[in-house]
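Quick note on numbering that gives the first Met the number 0: the sequence shown kicks off at 0 and runs consecutively.
Hints were generated in silico from the structure; no laboratory data involved.
No residue lacks a Cβ here, since even glycine has one placed at the ideal position from N, Cα and C.
Keep in mind that a hint or two might mislead.
Have a look at the derived ranges for each label pair, beta carbon to beta carbon [stated by the list, open to error]:
id, residue 1, residue 2, range
1, P130, G47, 29 to 35 Å
2, H94, T36, 29 to 35 Å
3, D45, P22, 17 to 23 Å
4, G15, P130, 17 to 23 Å
5, N96, G33, 29 to 35 Å
6, P5, G33, 39 to 45 Å
7, T79, G47, 28 to 34 Å
8, F71, T159, 30 to 36 Å
9, V86, E115, 27 to 33 Å
10, P135, E115, 30 to 36 Å
11, D45, Y6, 29 to 35 Å
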Amino acid sequence: MSPIPPYVVEMRSLIGKREMWLPGITAIVVRGSGADTEVLLTLRADNGEWAPITGILDPGEEPAVGTAREAFEECGVEVTVDRLASVGVSPQITHTNGDLAVYLDLTFLCTWVSGEARVNDDENVDVRWWPTTALPPMADWLVERIDDVLADETAARFRT
């Protein structure tokens with residue numbers, strides 16, 4: 000499956016590489032509890048960096064449904080989408096093909112239910128569970144999203 004949704008391909012044919020505003024999700028998938036909590040991260044094929052599961056919502060797709068879909072498509076895991084942890088905006092992203100995008104990011108706490116975590120698409124080259132106390136280097140804005148989930152607050156955080 001192509002990592003670029005058909006509607007984005009169609010829009011790109013009209014606007015070229017100019018910045019697009021897109022609805023995105025970040026799935027912070029956890030398993031375990033307390034000091035044994037682990038987070039599922041992917042090593043991205045496009046930039047060689049570790050990141051949580053991220054994706055673009057399809058037109059009309061409910062955010063929680065899209066979040067669970069992305070977790071399965073990217074990592075082969077079934078999750079429950081437990082709560083919205085934060086709402087924010089990504090920095091401008093320049094994709095490897097030169098396309099520019101900024102994402103309205105909805106970050107969700109997800110709990111692993113089943114499935115052996117694996118590379119399940121062409122967007123990633125590795126998938127691993129990481130202890131929350133020993134996360135690999137990654138972009139600051141993605142670390143913030145993980146922190147939002149691990150804060151274990153009942154209300155979503157809003158970036159200002």
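Hints versus structure:
no., hint, in the structure
1, P130 <-> G47: 29 to 35 Å, "violated, 22 Å"
2, H94 <-> T36: 29 to 35 Å, "holds, 31 Å"
3, D45 <-> P22: 17 to 23 Å, "holds, 20 Å"
4, G15 <-> P130: 17 to 23 Å, "violated, 43 Å"
5, N96 <-> G33: 29 to 35 Å, "violated, 42 Å"
6, P5 <-> G33: 39 to 45 Å, "holds, 43 Å"
7, T79 <-> G47: 28 to 34 Å, "holds, 30 Å"
8, F71 <-> T159: 30 to 36 Å, "holds, 33 Å"
9, V86 <-> E115: 27 to 33 Å, "holds, 31 Å"
10, P135 <-> E115: 30 to 36 Å, "violated, 20 Å"
11, D45 <-> Y6: 29 to 35 Å, "violated, 20 Å"
The structure fails hints 1, 4, 5, 10 and 11 (numbered hints given earlier, in ascending order).
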